[in-house]
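Novice: All chains should be modelled from the sequences, with the hints used to inform the complete structure.
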Amino acid sequence: MAARLSPSRREHVVSQPHLRTVVVLAAGEGKRMKSALPKVLHPLLGRTLLGHVLTAATPLDADRTVVVVGHGAEQVRTHLAEVAPTANPVLQAEQLGTGHAVRIALDAVPDGAGTVVVINGDVPLLRAETVAALVDAHEGAGAAATVLAAEVPDPTGLGRIVRDAAGRLEQIVEERDATPAQRALREINAGIYAFDAARLRASLGKLSADNDQGEEYLTDVFGLLVSAGEPVAVHVAADHAETLGCNDRVELATLRRLLRDRVNERWMRTGVSILDPATTWIDVTVAVDRDAVIDQNTQLRGGTVVGAAAVVGPDVTLIDTVVGPGATVLRSHAIEAEIGPGASVGPYAYLRPAAKLAEKAKVGTFVEVKNSEIGAGAKVPHLSYVGDATIGAKANIGAATIFVNYDGVNKHRTTIGEAAFIGCDTNLIAPVEVGPGAYVAAGSAITQDVPPGALGVTRAPQRSIEGWVARRRAGTASAAAAERAVRAAAEAAEDASDNRRAASEGEAIHRGAEAVRPPAGGGDTATE
Numbered sequence: 001m002a003a004r005l006s007p008s009r010r011e012h013v014v015s016q017p018h019l020r021t022v023v024v025l026a027a028g029e030g031k032r033m034k035s036a037l038p039k040v041l042h043p044l045l046g047r048t049l050l051g052h053v054l055t056a057a058t059p060l061d062a063d064r065t066v067v068v069v070g071h072g073a074e075q076v077r078t079h080l081a082e083v084a085p086t087a088n089p090v091l092q093a094e095q096l097g098t099g100h101a102v103r104i105a106l107d108a109v110p111d112g113a114g115t116v117v118v119i120n121g122d123v124p125l126l127r128a129e130t131v132a133a134l135v136d137a138h139e140g141a142g143a144a145a146t147v148l149a150a151e152v153p154d155p156t157g158l159g160r161i162v163r164d165a166a167g168r169l170e171q172i173v174e175e176r177d178a179t180p181a182q183r184a185l186r187e188i189n190a191g192i193y194a195f196d197a198a199r200l201r202a203s204l205g206k207l208s209a210d211n212d213q214g215e216e217y218l219t220d221v222f223g224l225l226v227s228a229g230e231p232v233a234v235h236v237a238a239d240h241a242e243t244l245g246c247n248d249r250v251e252l253a254t255l256r257r258l259l260r261d262r263v264n265e266r267w268m269r270t271g272v273s274i275l276d277p278a279t280t281w282i283d284v285t286v287a288v289d290r291d292a293v294i295d296q297n298t299q300l301r302g303g304t305v306v307g308a309a310a311v312v313g314p315d316v317t318l319i320d321t322v323v324g325p326g327a328t329v330l331r332s333h334a335i336e337a338e339i340g341p342g343a344s345v346g347p348y349a350y351l352r353p354a355a356k357l358a359e360k361a362k363v364g365t366f367v368e369v370k371n372s373e374i375g376a377g378a379k380v381p382h383l384s385y386v387g388d389a390t391i392g393a394k395a396n397i398g399a400a401t402i403f404v405n406y407d408g409v410n411k412h413r414t415t416i417g418e419a420a421f422i423g424c425d426t427n428l429i430a431p432v433e434v435g436p437g438a439y440v441a442a443g444s445a446i447t448q449d450v451p452p453g454a455l456g457v458t459r460a461p462q463r464s465i466e467g468w469v470a471r472r473r474a475g476t477a478s479a480a481a482a483e484r485a486v487r488a489a490a491e492a493a494e495d496a497s498d499n500r501r502a503a504s505e506g507e508a509i510h511r512g513a514e515a516v517r518p519p520a521g522g523g524d525t526a527t528e
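Number 528 marks the last residue of the sequence shown (the working numbering); no jumps.
Be careful, since some hints might not be right.
[What the hints assert, rightly or not] Capping the alpha-carbon separation at 27 Å, the derived lysine-lysine pairs in DSSO-like fashion look like this:
hint, residue 1, residue 2
1, Lys-394, Lys-370
2, Lys-379, Lys-394
3, Lys-370, Lys-356
4, Lys-356, Lys-394
5, Lys-360, Lys-394
FYI, nobody ran anything at the bench for these hints, they're computed from the structure.
Specialist: Shown next as structure tokens:
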């Protein structure tokens, strides 16, 4: 979603009578990126570098936007057609400097008048408010040219703002052409400018390539205007981080961290709990409602939407996924999925495109869902694949159930009725339907419809072939283990037999002893 100004600010900007042209410089190769991808197309939390710049310029409501392309021109044109179809790409076949690039851009809009805003294509942290403030200051002062400047801790590699004794802009000097005293300055040129169109056109024709790089510098326009007595100005950005450009992967990573912190802070101030901001990455295109909780190691990307009081994370990646209010997503990955209110996903679930969970549905551990609807209160708790299926409300899918949807040529659909019960380790071979309230016995392979309330079962009778391992797998560890088990069982049986025999003999002896025992009270009686 494009960045927006406050209503009062936007009304002010739109009501300006000035014609405006935005020129974005995006022709450079970016050699230090060491990439086949043009520098301005490198992604940064939901947009390319160029996309961020175009978004910052959008609230100006310019009459025209010209993007100067060069290296990877076709790739940049294709991207512009997707993200800014009204922008006009203009080719700079030879990169002969920023002044040359702006002249080519203005040649493409010969009727352009009013204010020309020039922005480098690699400043993704630039805010719309800052661009608007630059243009307001420029137009309000009636300046011929205004440069956006910033005070930075380390100006290495950047052009310097050189002022006279009264603090007025004298010139902008590239570091390669700067004197030691000028290099010590920490006020830098951010590469963002506002010009009066007529005076800019006149000055561009006077530029020289007599410098260290042999290029036409746009910044030399300021020196020409000062020499001609034209009013020029400097507008200082409130936050120097907005002016940071990107020349290599290290700087890109720095910008990503800074933007991450900015995005996370914005969401936390709107009532979202982010438990570990350092490991939470939220694209600028994501929406999160208040009282949502985002746990550590979580990435929210693309057009993802997280509803109120939902809990996402830890260890979650959501891409273009909608999470309903009160839902929970734990240690899972989802792409173009819909997770309904109060639904539960994970841990270790994978929701592929067109996976849709209704209210309070559950997708549990090691479950993959693709192009399927899971009804309200239905459960797929663990270890299952659900592809091209419709599962009714309150149905229960047992562990290790496979929806067999692909015959090698075409995909087919399975329908599970309301409150149906699918036993563990079942294959549902599509196309097939299990009716409402029906049961499927564990271990079945279902190829025909199961009527409502019926039991579907396809188990074959079990048989055990004694001695098969000894005959067919002789010499293996399995055969040795089986032999030991058989021997142990035989020994146990023999021991049991001996014990029974000993017990029987002992009982017989006991009974014999009872038979010969004298009557109670003594032995023979004497005869008198």
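Novice: Compare the structure with each hint and give your call.
Specialist: A quick look at each hint next to the structure:
{"no.": "1", "hint": "Lys-394 with Lys-370", "result": "19 Å, holds"}
{"no.": "2", "hint": "Lys-379 with Lys-394", "result": "7 Å, holds"}
{"no.": "3", "hint": "Lys-370 with Lys-356", "result": "9 Å, holds"}
{"no.": "4", "hint": "Lys-356 with Lys-394", "result": "15 Å, holds"}
{"no.": "5", "hint": "Lys-360 with Lys-394", "result": "10 Å, holds"}
In this structure, every one of the numbered hints holds.
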